Amino acid sequence: MDNPLSDLDRPNSYIGRSVPRPNAARLLAGQGRYVDDLRLPRMLHAAFLRSPFAHARIVSVDTAAARAMQGVAGVFTRADMDGVCTPWVGTLAHFTGLKSAPQGPLAGERATWQGEPVAIVCARSRAEAEDAAALIDIEWEELEPLPPLAAALEAAPLHPELRDNLAFTRAVDVGGADSAFALEDSVVVEAAFRTGRHTGVTLEPRAILADWQPGEEKLTVHHSFQAPHMMREVLSKHLALPEAAVRVVCGDVGGSFGIKVHIYPDEIATCVASRLLGRPVKFIADRLESFTSDIHCRDHEVAARLAVGPDGRLRALEMDDVTGIGPYSVYPRTSAVEGNQVVNLTGSWYALPAYKARLRVAFQTRTPTCQYRAVGHPVAVAVTEGLMDLAAERLGMDPAALRRLNLIPDDAYPHTSPAGLRFEALSLQKSFDKLLAMMDYDALRRDQAEARSRGVYRGIGLASFVELTNPGPAFYGIGGAPISAQDGTMVRLDPGGSVTVSSSVTEQGQGTEAVLAQVVAHQLSIPVKDVRVVTGDTERTPYGGGTWASRGAGIGGESALQAARALKANILALAGAVMQADPSDLDLRDGQVVDAAGAPRMAMAEVGRLGYFRVDLLPPGFQPEFSVIRHWLPRQYPFAFTNGAQASYLEVDPDTGFVKLLGHWVVEDCGTVINPLLVDEQVRGGVVQGIGAALLEECLYDERDNLLTGSMADYLVPMMGEMPDIAVGHVETPTKESVLGAKGAGEAGTAGAPAAVMNAINDALRPLGAAKIQQQPATPERILRALGKV
Amino acid sequence: MSETILRLTVNGEAVEATAPARTHLIDFLRERLELTGSHAGCEHGVCGACTVRVNGDAVRGCLVLAAACEGAEVWTIEGLTATGEVAALQEAFRERNALQCGFCTPGMIVAAAELLRDVKSPTREEIRDHMSGNYCRCTGYHAIVDAIETASRA
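Read top to bottom, the protein sequences are chains V and G. Under numbering that gives the first Met the number 0, the first sequence has 699 at position 700, and the numbering climbs by one with no breaks. Under numbering that gives the first Met the number 0, the second sequence has 111 at position 112, and the numbering climbs by one with no breaks.
So that you can see chain V by itself, here it is in the shape it has in the complex:
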């Protein structure tokens, strides 16, 4: 009886509709409730004393003066926490050979990065806590920091028990690469690519409010976080509490981007402090703490080469990636995933007969790195698409034509990539063609030529890509991490006919709650305003993974669809029983049960009234079930891959090295688009983070591994005035794994934008004979160096 999802003509049809988000008005009025807005009775504020050195032995700690300060309720070091909280190790079983050292909520005998928390002070106010932290007397013995990246692999081991600084390594060789490169007529291009270590810069810093209630023996944690059930598992395990004694609540979250899905020592220390004091303790990272302790990412050096036949057909790609992850692999998702993704993804959207890759993951004495938006994708895309431009130049081919020739054909699915990725169905050619049409590629080339004749240097950069979304258990679960791949949604009919939805996927502003409401309203044919959605509370939602790796709409949305369909069946069953009609002849339309002719027979409110208040009127034995839970996860494919293409048009000033972005285009195929308004701005936001990586963002360290970019005046993120308008187009190839057909859309923008911008810069500089720039960010200084001007 269900209408097809593409039917937009019937009432309350919401799939594919640009409906404003239900929580937007509240946030616009300043009525958000972020963790720092919460205040509990007897609440304390935490401040941390952090290591001023990248690597140093803690000889002694004296907290007496801090503890004596008025307003201070507690000062704790690692020794105080060891009996309350067990250490963790950030490894996963399916990453064979991945190793890391035990890590606790505070540094023990040694600090291994600048900013590592050493002691926590809990006081009446944050200011007083900071004052007291300044009174803690630590005797340090400074040790040598590890040298950068590859050199670290040769240095003395940071963790002696691990024997060396190689945290993880992986090699892929599907055969044929060596011989393809050796062929006499192979055109071989090669380059060294460098991506700058950067970080997420959520505008709301990390935030946690831990509330241990001794009378209940219960820990309630208000957390700015993406995966509340994972946090609950971790707290339960390491604080030795029953799962049911831990409640994690994620209210409004001020941006996350993958930053807020990891276990941070300072956040666990805050929970332990609450447990030790029996009082609520709030910790809000300040911006310096964010820069030194939020996870960093993308610290990669890649040497890569590509062999192409004289006809432009790709023959082989070879790459060698060295990446640095800081002193520990981050718990529980590990710091090996990013490099592993680079190896998996590089070249995978082209018809590539041979592929050879090596990954080495090195420990460092810098802030730990882990998964941030588009994990590994931007590196893989920059390498692949950078090589494509080099090959086009060498062959004298148009870069668009070379790409079009080599993209996996749209009729060649299912397809398995050389590294073993399985693609159910992609639209690489169609998306690329649409991109060229949207940007009017030929007209831009003419504009570029005309500008050059005036001494103005403009460039066009292209990048195709695939994007990993909707991950199943293959991502984390099989490696032993307490991370659910399935999500659950409960849909409840209320007596008056409105519907309450609670789901284990979470909202950080991308519109999860809007999407769930639309899916449910569509299935039940009720106005979306009659659907209320609850997320982010381990006591009030079904169990599930949360929102990360672009899984909210695809996995959470499908669980909502299935739950709503089951509720609909139950509603129609009751209506059928009352009206003595066959439920299969009935449907829901515009808040009414309708018959086969579409005539209204019973209002939803009447169904609710009978089902809740007048069960006595129903046939004997008929039990209404108006709270329905369904869980869902993809099973046929480990991931739902999406694809897309991006283009950048920009102008470089050869005298200053400044880049002016003139335009940016994206075509994205995330399967079924549930709400174009939300998807488009999600894609644009991803693009801007990618542009940040290409032009601005970099965590810089000095030779002692002191972080030089500790404020937003030093670490630059894109501002409104520097960004162009961004045109977004869609191709829709729904996944057949689900009824909804939605795949993820969160990573696409960030995955492809850096490559498009870097290629455009090199295209702009080509007539000037500049050296190729393959190092991100392409700062004015680096551009002037490429031009030989500094």
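Hints may contain errors.
What the hints assert, rightly or not - Beyond 10 Å from chain V on every Cβ pair, some chain G residues (computed):
1) S1
2) H38
3) V45
4) G55
5) A71
6) E84
7) R116
To be verified - Label pairs and their in silico Cβ distance ranges:
8) G:G44 with V:R445: 42 to 50 Å
9) V:P675 with G:N54: 38 to 46 Å
10) V:K788 with G:G44: 41 to 49 Å
11) V:G214 with G:G70: 43 to 51 Å
12) G:A153 with V:H93: 54 to 62 Å
13) G:G55 with V:E624: 56 to 64 Å
14) V:D713 with G:E124: 23 to 31 Å
15) V:P156 with G:A16: 51 to 59 Å
No wet-lab data here; the hints were simulated from the structure. For clarity, every value in this text was computed on a predicted model and none was experimentally measured. Where a beta carbon is used, it is the ideal one built from N, C-alpha and C, also for glycine.
Since the structure of chain V is already known, use the hints to place chain G on it.
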């Protein structure tokens, strides 16, 4: 830490409150007056999440000491919402999905209201230029420019 007594007008109401002399305006508003709609994002005057109106101008709440606001007229997102002054901007932001996480949004609205006070029909470039002191990490800014453009024509 000694407390100072402050007398000022906040969202049209006379306020008398104490605060340590070192308290910034943003913390005074959030902690003492429970006006949590304005946010502390960077505490360096860079990101603009703490933007509030003081004596008619959009200022950084994290750079101004509360004590410097003695006698001042302060408006925050809560007051501007209650008077309806920024209703057109809010509606345009909502319609266009010109916000995601919402953390930067109250500051955006205060800054955009200042622009629309001074420039009747700003171009997209003027909007981007004026709003460059307000960072958004979620949207691509495009929708915010659209929304301010729409509101300027309302």
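Exercise. Confirm or reject the statement that A71 (chain G) sits farther than 10 Å, beta carbon to beta carbon, from all of chain V.
Key: holds (19 Å)
Exercise. Using the beta carbons of A153 (chain G) and H93 (chain V), state whether their distance is inside 54 to 62 Å or not.
Key: This hint holds: roughly 55 Å between Cβ atoms.
Self-check item: Given as non-interface: G55 (chain G), which should sit over 10 Å from chain V by C-beta
Solution: Answer for G55 (chain G): holds, closest chain V Cβ roughly 19 Å.
Quiz item: Between K788 (chain V) and G44 (chain G), is the Cβ distance one that fits in 41 to 49 Å?
Solution: Given a distance of about 33 Å, which is not inside 41 to 49 Å, the answer is violated.
Quiz item: Beyond 10 Å from every Cβ of chain V: is that where the Cβ of V45 (chain G) lies?
Solution: violated (4 Å)
Quiz prompt | Non-interface label on E84 (chain G), tested against every C-beta of chain V at 10 Å | solution = Correct as stated: the minimum Cβ-Cβ distance to chain V is 12 Å, above 10 Å.
Quiz item: Cβ-Cβ distance between G214 (chain V) and G70 (chain G): within 43 to 51 Å?
Solution: Check passed, 47 Å falls within 43 to 51 Å.
Exercise. Hint says 23 to 31 Å; check whether the CB-CB distance for D713 (chain V) and E124 (chain G) agrees.
Key: holds (27 Å)
Quiz item: Honestly, do P675 (chain V) and N54 (chain G) meet the 38 to 46 Å range at C-beta?
Solution: For N54 (chain G) against P675 (chain V), whose Cβ atoms are near 42 Å apart, the range 38 to 46 Å holds.
Quiz item: Falls inside 42 to 50 Å, the C-beta gap from G44 (chain G) to R445 (chain V)?
Solution: For R445 (chain V) against G44 (chain G), whose Cβ atoms are near 44 Å apart, the range 42 to 50 Å holds.
Quiz item: Regarding the assertion that S1 (chain G) does not contact chain V, is the least Cβ-Cβ distance greater than 10 Å?
Solution: Given a closest Cβ separation of 13 Å, the condition holds.
Exercise. Quick one: work out the minimum CB distance from H38 (chain G) to chain V and report holds if it exceeds 10 Å, violated otherwise.
Key: violated (7 Å)
Of the hints listed earlier, those the structure fails to meet are numbers 2, 3, 10, in rising order.
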